[in-house]
Amino acid sequence: MTILWFLFKEGFKGLIRSKYSGAFSIIIIAISIMLVGFGYVIARDTLFMVENIRAQFDVDIFIKQTASRDDIAAFDAKLKKMNEINHLIYISPEEAAQKFKNEFGEDIFDILDYNPLPPSFTISFKPIYRNLISVEAIANILQSDPVVDELKYRKNFLIILEKYHRIILFTVLGIFAVLTLISIILTSNSIKMTIFARQDIISTMKLIGATNRFIKIPFVIEGTLEGGLGSLVAALIIYGMFYLQNTYFQSFFDYTAIVSYRFYIALLILGTFLGWIGSRRAIRKFLH
Amino acid sequence: MISFINANCTFRKNAGVKNLNFSIDDGEFVFLTGPSGAGKSTILRLIYMDLFPEKGKVLIRDFDSTRIRDREIPFLRRKVGMIFQDYQLLKDRNVYQNIALALYASHYKTREIKSRVYSILNQVGLGHRVHHRPMELSGGEQQRVAIARALVKEPIVLLADEPTGNLDPRVSIELINLLNKINKKGTAVIVATHNYSLIQRVPGARLIQINEGEIISIT
Ligand SMILES: Nc1ncnc2c1ncn2[C@@H]1O[C@H](COP(=O)(O)OP(=O)(O)OP(=O)(O)O)[C@@H](O)[C@H]1O
Ligand SMILES: [Mg+2]
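Chains as they are written, first to last, in the working numbering: chain A, 1 to 288; chain B, 1 to 219.
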């Protein structure tokens with residue numbers, strides 16, 4: 001008990017004793033965690049945006065004029081059973097005429113004396129099927145149905161999207177990974193510096209009969225505290241910056257940062273963890 | 001208690017110690033003398049197992065240099081008190097904390113630590129310097145803090161490497177008297193020094209003379 005309490009106090013005091021190197025470490029950790037935090041939000045929102053664009057992709061299925069009401073109902077049932085389809089809307093000829101009027105401002109019955117617009121379905125796919133291969137395969141199946149007259153979708157849109165989606169995904173994940181790596185390296189190096197500055201303690205402790213564990217624990221506690229404090233600083237700064245953006249700078253830069261409290265907790269956990277693991281790794285180097 | 005058996009410990013270019021054979025018993029007072037570079041510090045480092053002989057062995061009570069494991073070394077060092085030439089005090093802690101650290105490292109209880117530290121500080125005459133940091137003390141006072149730290153865990157042997165190196169003659173004599181007093185209470189004392197005048201101050205002390213890494217005379 002005495003020992004644990006002593007080692008704990010030593011860890012706390014170590015943080016104070018280390019003065020500049022401790023403060024420096026906290027700043028470095030704060031910067032690292034900010035990099036990871038911003039990296040995460042940027043990655044998430046970029047991917048979210050791409051996903052939104054992808055979600056806009058849909059297929060129009062035009063039904064033959066000759067199809068009966070029952071044929072259409074049967075086709076509708078068939079579509080609803082298809083796993084790949086996320087969402088579907090039926091547009092009757094009347095609705096199509098209404099849409100035409102809304103879009104072109106002219107009543108189709110004023111031009112022609114009958115309604116040439118066929119009934120149609122607009123379908124969208126579940127995210128994993130929003131790619132060229134799946135879409136073409138599904139389109140082929142649907143095309144072969146006797147009630148179907150024609151299928152229309154923007155093939156080029158899909159091709160471009162597919163190409164850029166991959167590039168964006170890898171870029172964004174790559175940047176995130178690099179930022180995380182940088183933060184791990186920065187954190188463990190800055191902790192190493194604080195320990196390096198006090199090597200005399202380690203050698204003296206060894207000479208007066210301290211076990212490696214006794215020497216290690218205060219440094220690990222200190223490093224963990226530095227990690228926790230650094231990430232707290234980072235979380236506060238990120239919170240402040242998001243707050244400013246969302247309340248004052250919307251008009252300059254059209255972006256709203258939305259993160260839940262879990263994001264901040266994750267940052268605190270990450271920083272504390274990095275401090276813990278970083279100090280463990282660093283102290284090991286000095287003990288042998 | 002301490003035995004060197006054909007112990008060799010050499011560094012590059014043949015420097016170091018060779019063919020050491022001697023024993024030291026409980027409660028003895030031993031001077032280790034010889035010119036600079038003779039190998040005095042090397043012998044002390046072999047005793048607290050900071051170095052290991054590449055041939056032969058060193059025995060300290062039950063600890064055998066050829067068998068000891070890394071994690072057993074702290075337990076040996078709790079039984080061996082050491083006073084270094086440069087004291088090795090921690091600059092960012094006061095006298096009390098420097099000494100208490102040795103006890104915490106040996107897993108003493110808080111209450112016991114307190115009474116032991118104060119009693120040892122009174123013994124070395126530093127009762128009035130408890131809250132000073134090493135930098136606020138004279139060389140002789142730092143030396144006594146180092147002695148207090150070495151003694152506080154009641155070691156079986158106290159090793160002092162050139163303890164009077166930085167002290168004036170009067171303080172040196174005080175110091176040697178203090179070591180003598182400690183020895184009278186039963187702790188073995190080994191002092192490495194090239195200051196021969198100290199030797200006459202301790203009647204009955206043994207003398208081990210070394211030169212170029214070898215023992216040239218032993219009493
Ligand atoms: N780490 C080392 N690497 C190489 N040579 C060493 C090392 N330590 C000591 N030596 C050499 O071993 C020899 C004995 O050194 P040691 O420090 O034991 O001498 P000493 O008797 O204590 O001298 P002094 O009175 O100057 O303290 C010297 O020649 C020294 O140069
Ligand atoms: Mg020496």
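Note that these hints are calculated values from the structure, not bench results.
Glycine residues also receive a C-beta, built at the ideal position from the N, C-alpha and C atoms.
Mixed in with the good hints there might be a few duds.
For each label pair, taking beta carbons as the anchor points, the in silico distance ranges come out as [claimed, not checked]:
| no. | chain 1 | residue 1 | chain 2 | residue 2 | range |
| --- | --- | --- | --- | --- | --- |
| 1 | A | Gln245 | B | Arg111 | 43 to 51 angstroms |
| 2 | B | Gly140 | A | Ser203 | 19 to 27 angstroms |
| 3 | B | Gly125 | A | Ile237 | 34 to 42 angstroms |
| 4 | B | Thr110 | A | Met193 | 27 to 35 angstroms |
| 5 | A | Phe273 | B | Asn177 | 13 to 21 angstroms |
| 6 | A | Phe273 | B | Asp25 | 49 to 57 angstroms |
| 7 | B | Thr10 | A | Phe8 | 18 to 26 angstroms |
| 8 | B | Gln200 | A | Ala197 | 55 to 63 angstroms |
| 9 | A | Met193 | B | Asn122 | 39 to 47 angstroms |
| 10 | B | Val130 | A | Phe8 | 42 to 50 angstroms |
| 11 | B | Pro203 | A | Ser203 | 32 to 40 angstroms |
| 12 | A | Phe8 | B | Gly140 | 32 to 40 angstroms |
| 13 | B | Asp25 | A | Met193 | 44 to 52 angstroms |
Results of checking the hints against the structure:
1. Gln245/A x Arg111/B: 43 to 51 angstroms: Given a distance of about 57 angstroms, which is not inside 43 to 51 angstroms, the answer is violated.
2. Gly140/B x Ser203/A: 19 to 27 angstroms: Holds - the Cβ-Cβ distance for Gly140/B and Ser203/A, about 24 angstroms, lies within 19 to 27 angstroms.
3. Gly125/B x Ile237/A: 34 to 42 angstroms: violated, 54 angstroms
4. Thr110/B x Met193/A: 27 to 35 angstroms: holds, 32 angstroms
5. Phe273/A x Asn177/B: 13 to 21 angstroms: violated, 56 angstroms
6. Phe273/A x Asp25/B: 49 to 57 angstroms: holds, 54 angstroms
7. Thr10/B x Phe8/A: 18 to 26 angstroms: violated, 44 angstroms
8. Gln200/B x Ala197/A: 55 to 63 angstroms: About 45 angstroms separates the Cβ atoms of Gln200/B and Ala197/A, which means 55 to 63 angstroms is violated.
9. Met193/A x Asn122/B: 39 to 47 angstroms: holds, 40 angstroms
10. Val130/B x Phe8/A: 42 to 50 angstroms: violated, 23 angstroms
11. Pro203/B x Ser203/A: 32 to 40 angstroms: 37 angstroms Cβ-Cβ, so the 32 to 40 angstroms window holds.
12. Phe8/A x Gly140/B: 32 to 40 angstroms: At roughly 35 angstroms between Cβ atoms, Gly140/B and Phe8/A fall inside 32 to 40 angstroms, so the hint holds.
13. Asp25/B x Met193/A: 44 to 52 angstroms: Check passed, 48 angstroms falls within 44 to 52 angstroms.
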